[in-house]
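2 protein chains.
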Amino acid sequence: MNIILLSGGSGKRLWPLSNDIRSKQFIQIFQTEDGSYESMVQRVYRQICAVDPAATVTIATSRSQVSAIHNQLGEKVAVCVEPCRRDTFPAIALATAYLHDVCGISEEEPVIVCPVDPYVEQSYFETIEELGRLAGEGQANLMLMGIEPTYPSEKYGYILPADQEKISRVSTFKEKPDAETARDYIRQGALWNGGVFAYRLKYVLKKAHELIDFTDYEDLYAKYDTLTKISFDYAVVEKESDIQVLRYAGEWKDLGTWNTLTEAMEGPSVGETLMNETCENVHVINELDVPILCMGLKDVVVSASPEGILVSDKEQSSYIKPFVDQLDNKVMFAEKSWGSFRVVNIEEESMTIKVTLRPGHRMNYHSHERRDEVWTIISGEGRTIVDGMEQPVQAGDVITMQAGCKHTIIADTELKVIEVQLGKEISVHDKQKFELDE
Amino acid sequence: MNIILLSGGSGKRLWPLSNDIRSKQFIQIFQTEDGSYESMVQRVYRQICAVDPAATVTIATSRSQVSAIHNQLGEKVAVCVEPCRRDTFPAIALATAYLHDVCGISEEEPVIVCPVDPYVEQSYFETIEELGRLAGEGQANLMLMGIEPTYPSEKYGYILPADQEKISRVSTFKEKPDAETARDYIRQGALWNGGVFAYRLKYVLKKAHELIDFTDYEDLYAKYDTLTKISFDYAVVEKESDIQVLRYAGEWKDLGTWNTLTEAMEGPSVGETLMNETCENVHVINELDVPILCMGLKDVVVSASPEGILVSDKEQSSYIKPFVDQLDNKVMFAEKSWGSFRVVNIEEESMTIKVTLRPGHRMNYHSHERRDEVWTIISGEGRTIVDGMEQPVQAGDVITMQAGCKHTIIADTELKVIEVQLGKEISVHDKQKFELDE
Chain X
2 MNIILLSGGS GKRLWPLSND IRSKQFIQIF QTEDGSYESM VQRVYRQICA VDPAATVTIA
62 TSRSQVSAIH NQLGEKVAVC VEPCRRDTFP AIALATAYLH DVCGISEEEP VIVCPVDPYV
122 EQSYFETIEE LGRLAGEGQA NLMLMGIEPT YPSEKYGYIL PADQEKISRV STFKEKPDAE
182 TARDYIRQGA LWNGGVFAYR LKYVLKKAHE LIDFTDYEDL YAKYDTLTKI SFDYAVVEKE
242 SDIQVLRYAG EWKDLGTWNT LTEAMEGPSV GETLMNETCE NVHVINELDV PILCMGLKDV
302 VVSASPEGIL VSDKEQSSYI KPFVDQLDNK VMFAEKSWGS FRVVNIEEES MTIKVTLRPG
362 HRMNYHSHER RDEVWTIISG EGRTIVDGME QPVQAGDVIT MQAGCKHTII ADTELKVIEV
422 QLGKEISVHD KQKFELDE
Chain L
2 MNIILLSGGS GKRLWPLSND IRSKQFIQIF QTEDGSYESM VQRVYRQICA VDPAATVTIA
62 TSRSQVSAIH NQLGEKVAVC VEPCRRDTFP AIALATAYLH DVCGISEEEP VIVCPVDPYV
122 EQSYFETIEE LGRLAGEGQA NLMLMGIEPT YPSEKYGYIL PADQEKISRV STFKEKPDAE
182 TARDYIRQGA LWNGGVFAYR LKYVLKKAHE LIDFTDYEDL YAKYDTLTKI SFDYAVVEKE
242 SDIQVLRYAG EWKDLGTWNT LTEAMEGPSV GETLMNETCE NVHVINELDV PILCMGLKDV
302 VVSASPEGIL VSDKEQSSYI KPFVDQLDNK VMFAEKSWGS FRVVNIEEES MTIKVTLRPG
362 HRMNYHSHER RDEVWTIISG EGRTIVDGME QPVQAGDVIT MQAGCKHTII ADTELKVIEV
422 QLGKEISVHD KQKFELDE
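Top to bottom, those sequences are chains X and L.
Counting in our numbering, the final residue of the first sequence is number 439, and the numbers go up one at a time with none missing.
Counting in our numbering, the final residue of the second sequence is number 439, and the numbers go up one at a time with none missing.
Quick caveat, the hints were computed from the structure, so don't treat them as lab data.
Keep in mind it's a predicted model, so treat the numbers as computed, not measured.
Any given hint could be a false lead.
Any copy, or any two copies together, can satisfy a pair, since identical chains are not distinguished.
Stated by the list, open to error - Listed next, the in silico DSSO-like pairs over lysine-lysine satisfying Cα-Cα at most 30 Å (straight line): (1) Lys407 x Lys331; (2) Lys156 x Lys299; (3) Lys337 x Lys425; (4) Lys299 x Lys322; (5) Lys337 x Lys407.
With the sequences and hints as input, model every part of the structure.
Dropping the structure here:
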C-alpha cells in the first residue's frame, strides 16, 4: 500500500519533551519487547511494516523534522517536505503529486492518508489496508475510517453513517460537539472521524488541479508559499457526495496530552527515577542524567528534559499550553541529520554544547561571522576540514576556529565533541554554508 | 561576646540541595530585604552582628566546609577545623582551646556555643548575649537556653526547670519523648533544650584537661583523631550539678526537613518557576538554569539542583533519607576556596566542568597522573602557570595540559573556564599538589 503519514507541528502540550524542533511524535517513551524505547512515529512505522512489508511510506512534514525522521526511521522512508505550513489540503496535494511525479505511482493506485501519531493496535493498519483496497476497487471516491466511539468525547468530529453495516455510505459529518450532543450522536450510531482518507491517486490529483494552478510536483513545490491555507476536510471531504466509511472497533488513542500519553506507557517511568511506596498513579519521564525522587504523590506526571521540568496533576496537564507560551523557551537539544547536540552551558558571551556525530556523517561546511569556536574531541575518530585543510582528529585533540574561518568535522566512528562558542552575539542564524570539494 | 557556631554534617534530608560537601546551612533560600537570598549560616551571622557588632564568631566545622564558609561570610570569620568528626565534646573542647591559645581570649571570659542552623528572630541572639553575660558573672558553671515549647514535639530533648522564673535552676533533663509524655512534660513546665551552652572559658578547658591528655590547642589538634566520640551533653551537661536555664519565648524553628524549611520561605519559590492558579501550598526551589512548571499540585515541595530533582508531598519529605542513600550520588557542583565548579557533561572517558574563579584567587598548583585537561577561557582575565611557565590568558584562549604536567590558573578578574578532562580513570583523588614560587 501507498501510505502518506501527516507529521504535524510543534506540540507544546507535551512540554518539556517537545520543543520547536522536536514534535511529540519523536519522544521515545514506549517500551518495546527488547526493552528499548520507541517513539510514536517509530511505533506506527513498525506496525505498518508488520502489516505490509512492501508498503511505500511517505512522510509529509516540514523541513525541521527531516533529520529526526531519518534518525528514527532510517534513510529508506520517503519524506515529502512542505516548504511552509499551508494546512492539510495543500500538504496532501503536494504528497500526492510527489507519489505520482517522483515515485512513479500510477494514477489508478490507491493512496491512504493517515496521521503519524495515533496510538493503536495492529488491526488498525489492517483496517487501513482494507480501506486502501476498497478505494482502489472504486468502492467510492473517498473512503474514510470511522472509529467506534467508547465514550461521548468532545474532542473529535463525528461521522453519521447511513446504516449499521461494516461499510456504509456517509450520511453527514458533525463538528466537535458538547458531551450531551455527542451522546445523542452515539445513540444515532455515529463514529469518530479518525482523520484517515483513502482514494485513488488520480482523484486528489484532479481536485488539486481544480483548486490550484500548477503543472507537476516541482511546480507545486515552487509555488507552495503562495497557496491558501485550507483543510482537506473543508476543501474536499465536505464537498464530496460519493464517500463511504469503514468501521474500526479496536484500540485508538490520541496521545495529545500528558494525561493520555502516560496511560499508554508500559511502566511508571522512563529514565532514572525512584518512587516511594506512597506514590499512586504517578508517571515520570526523565531525559536528564540525574535522578528524580518522588514521594507521596498521587495522579501526578513529572517530566524533565534539558529545556525544563513539568510537575503536574494529570487532569490539569491538559491546560499546559498558555503556561508554556509564557516560558522563555530556548532550544537546548536537537537532532540533526548528522547526529545531535545539547547545550551544556550558557553565559553572556559564550555557549558550550556537546555535539555527537553519527559514524560516516558530517556537519555542513560552514563559517560564522560573529563568533570564534573551539572544539575539544572527547571520544571517537574523524577528520576536520578548516579553511580547506583536512586533518585527522581523535579524543584529546583541540581545534580552534576564528570567526570567518570555514570548518566542518567528519565522523569516521561515532564522534563526540565539546564545542565552545565565543562571541558577543551568538545566534543560530549566524551561519554561512559552503560547498566542499572532497 | 565570644560565640562558637557548631556547623554540622552533610544533611541528606535536604537532598538534592545538600550533598556530601554542601550542608543544608549553606543553601541560599531566605530572601533578604534587598531581594537577594541568604543561607542559614549567613542569616545567623547577620543576626549575631546586628546584636553585637564586636562579636567574636568562630565556626567549628570540618575541612570540607571551610571554603563555603569563607565564600558566604568573608575572610573575617574564624574557622576552627576539626580534623575528623568526633562528636560535640571534642569539637567544643577544640574550639575552646582555639579561642584561648590562638585568639588569646582570657580564661575568665564567657563563651557561648550555639548550633549554626536555628531559624530564629533577632531576640534569640539578645537572649544568647544575656546567657553569656550571666555565665561571665558566674551565675552558674553552665548556662543553657530553654525554649518555650509551642507543641508537644517528639523531636527535641526537654529541660525541667526548678521553677517558673525567667532564670531557673535545672531540675532534670529528659530525652526525646513520645507525644503523650511530651504533653506531660509541658504541663510540668518543661522547656525545649535548644542546644545552646554558655560558660566561662576556663570551665570547659578544665573539663577538657580532665578527660583528654593534651597540652594546648596545637597538641589537641594533632591527636584529635585518637579522641573518643562523645557528646557534650553526655560528657559535661549531665554530670554538672550547677546548671541554670534562661527562657526564650520567641520564634525558633529547626529547618531540618523540606517541610519545615519551606515554612520559613518568604515566597513560594526560589529560581525560575511558574505555577498555575490551581496550585496550593506548593514550594519550589530551583537551582537549575531551566524553568519548572507546576500545575494542580497541593502540599508539594519541588527541589532541583545539578544533582537531582525531588518532587514530594511535604509530610512525606521527612522520610527522604533512606531513598537518597539508594541513589547514585555524584557531586555535580561544589564551592571551593577559589570559587566554584559545576559538572556539565560526563562521558565514559571524559568529564566537562565549568569553573568559576573569584578575582584574586587561584587553584592549587597541581598535576594529574591519569588524565589530560583542556581549558577554554570563556570570560575574564588572568594567568596560567603550566610547568613553571606563566602566561596571561583571556576569553578565547585555550590551554592543553598532558597528564603529569603541573598547572594552575590565577584570576585577575572573575574568570570562567570550560575544563575538559580526558582519561580512562577520572577521579578527584588523582591530584598531586605542589608549592609554587611566585
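The hints, checked one at a time:
no.	hint	in the structure
1	Lys407 x Lys331	within (26 Å within a copy, 39 Å between copies)
2	Lys156 x Lys299	both (26 Å within a copy, 28 Å between copies)
3	Lys337 x Lys425	both (25 Å within a copy, 29 Å between copies)
4	Lys299 x Lys322	both (22 Å within a copy, 21 Å between copies)
5	Lys337 x Lys407	within (19 Å within a copy, 40 Å between copies)
Of the numbered hints listed earlier, not one is contradicted by the structure.
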